[in-house]
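Trainee: Here is how the chains run, residue by residue.
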Amino acid sequence: MSTFFQTLIVGLRLGSIYALIALGYTMVYGIIRLINFAHGDFIMVGGYTMIFTIPLALRMGLPAWTAVLAGVVVCVLVGVGTELIAYRPVRKTGTAMTALITAIAMSLFLENLAQAIPAIGPNPKVSSQIFASGGISIGSVTMEYTTIITILISAVIMVILYEFTQKTRLGRAMRCVSEDKAAATLMGINVNHTILLTFAVGSGLAAVAALMYMAQYPKVYTTMGSLLGLKAFVSAVLGGIGIIPGAVLGGIVIGLVESFTTSYISSSMADTFVFLILIIVLVLKPAGIMGKNVGEKV
Amino acid sequence: MKKNKTGFGYLLNTIVIILLFTAFQIITGIFGSQGSFKLVVVPCLWQCCYLIILAASLNLVLGFLGQLSLGHCGFMAIGAYTAALLSLACERAELFTKKEGAVFILILFGCIIAAGLLSALVGLLVGVPALRLKGDYLAIITLGFGMIIVNIINNLPFCGQDGLAQGSAAASLYKNGLGFGSKDKVAYIWVALLVTILCLTLMFMFIRSKYGRAIKAIRDDEIAASASGINTSYYKVFTFAYSAFFAGIAGALYACANATLSTSSFAFTNGGILNSTFVVVMVVLGGMGSITGSVVAAVIMFLVNYQIKNGAWVTALSASVQGVFEYPMLVYAIVLIVVILFRPKGIFGTYEFSLMNLRRDVKASLARKSAERAERKGAKSHG
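Taken in sequence, the protein lines are chains L and Y.
Numbers 1 to 298, taken from the working numbering, label the letters of the first sequence in order.
Numbers 1001 to 1383, taken from the working numbering, label the letters of the second sequence in order.
Keep in mind the hints are simulated off the structure, nothing from the lab.
Just so it is clear, the structure is predicted and the values come from calculations on it, not from any experiment.
A few of these clues could be false.
[As the list claims (entries may be wrong)] Over 10 Å on every C-beta distance to chain Y, these chain L residues come out as not near it, computed from the model: (1) I35; (2) L58; (3) M97; (4) T98; (5) A105; (6) L113; (7) V126; (8) S127; (9) G134; (10) I136; (11) E144; (12) R169; (13) A183; (14) T185; (15) V237; (16) M269.
[Claimed, not checked] Label-pair ranges, simulated between beta-carbon atoms: (17) T1097(Y) x I280(L): 44 to 54 Å; (18) I136(L) x L1125(Y): 42 to 52 Å; (19) L1366(Y) x M187(L): 30 to 40 Å; (20) A182(L) x L1202(Y): 40 to 50 Å; (21) N192(L) x L1125(Y): 36 to 46 Å; (22) P55(L) x A1187(Y): 32 to 42 Å; (23) E1100(Y) x S268(L): 13 to 23 Å.
[Said to hold, decoys possible] Pairs of lysine-lysine, DSSO-like flavour, derived with a Cα cap of 30 Å: (24) K181(L) x K1134(Y); (25) K1216(Y) x K1309(Y); (26) K1183(Y) x K1038(Y); (27) K1134(Y) x K92(L); (28) K1216(Y) x K1098(Y); (29) K181(L) x K1345(Y); (30) K1098(Y) x K285(L); (31) K1363(Y) x K1345(Y); (32) K181(L) x K285(L); (33) K292(L) x K1134(Y); (34) K1309(Y) x K125(L).
Note that beta-carbon positions come from the ideal geometry of N, C-alpha and C, so glycine has one too.
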């Protein structure tokens, strides 16, 4: 029984990291209908930024996690830059397919650019301890502080984000643009600014997710974002893409599936099961768990 | 009249191909034993052959059917492992001991066809659920399938990452099975060329058939196509399986040429020349909807890859440029972005190179150029 609870906790922790990344995917997809393959690599960018800023933060007497602020700033810059340099010109001239291929190219570009930078290189880097070690034990089940903080921060961010999109002016503008760009323009919303804001928020979340990930697995490498991003995207699709609570639900489901497969079946088959779940859900309910099926207009 | 023209086209192409093929055989006969031909040209040709088949087969799905598939290398992995394992099994059954003779050639072709068939079968299984989805969802689901295929191959006891090593005396297919050393590669280069030509012919015939017209209609407007009585899901799944068949054959050639297999070389995220993204780059570069474009792009990308790694001129460049060239994927990514930004249709667009229409096409292109020039001149004199 203790194995079960331990696995459950690991799954929740993993799931809340996936959910944070999935939020970025889902927001961008909701607004411009593009799978931002480079989103996973924003995590990598955030990770490396923190690798370099954590020693600075420690020298200034600040706790290690404050380095996430630098990570957020850099990630936001990279995200906004990607949108401005690559996605916006292609969106103006190309089709959905060319936009998707551009996204894949951006992902490759970021990964390999990182490798080509001498200070980063192809070898993994190890980060220092981010949160305090130790944990709370209840019976034979241990909850590490890292786990508790990860789950708490994720939950808080999700609530804030949800309230932001529901209540504030900017959030409402985002939802308008994702529903109908032309109508939003007529209502006096600057569509391009709103898209930029979405990219900024999504990339910032990726930096926070990088912090959570590094707190648990203190290793950063240039391709860390690809599989992580892929699974997060799977979560977003699973929950119903474009829907914020859906992304959270999908992330937690994927985290649980992964941790239970790892501890009860086989660790090397975990990815297979994650994608299998995606395929089953997509075949049965193509709009995702929380999505609504919308008929195609002729 | 129309029918005669098509027949003439096939005849013309057959004659030219036979001439080129004989010429190549003679060249091989003369230079076959020489160092650089044996060690550089022939291995490069092998690699080109499977890249061409791979790119052209993805073009069926990406260019003609208009669906982005990101798991194409999964099918290639199936083909490679099928051919390798089958040849190992044949060798262990002592059907052949040396890599020569009619029996071996028969087994070789059997392996190649079996690889294609198994891939097509898996393509069918994948296509039925996957092709209910469109666009982005299809891309992600094929990516998922590609990863599952590689993951399953990894976990199969008889063909895992070191399974081939456990199954046979040596890890390398050079000694056992159908892997070719550099001498055999020269001797069997005709197999690679023949298979490539056959595959390309089959794909061309597919595009020109009723099926090809149907899938082009689906690409242009799926709703209109289904309203005109085209069974869209049947044609989609059929094309997917057909494309997987050729990807499997490309995999079999890969197994012949590389002689060592590891699943990591087929994974979605590896830095090498062989991953599903790289294939997409080739198709986009050549032009989505042009088989000849894919052939040209495959050769170009191969040459770029080869030159970046081995070209003599690279050493003459400054150190910073060489530093970039150490990461060929970075170069591909930039190529892809630039092509998409400035020439989204690729080199060929939807144009097909054809010997019969060559004169007409060249004339038309020259006329268009001169017309453009005249227009520009006119604009200048007015301005």
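Trainee: For each hint given before, does the structure comply? Return the numbers of the non-compliant ones in rising order.
Mentor: Of the numbered hints, 1, 3, 4, 5, 6, 15, 16, 19, 22, 23, 25, 28, 30 do not hold.
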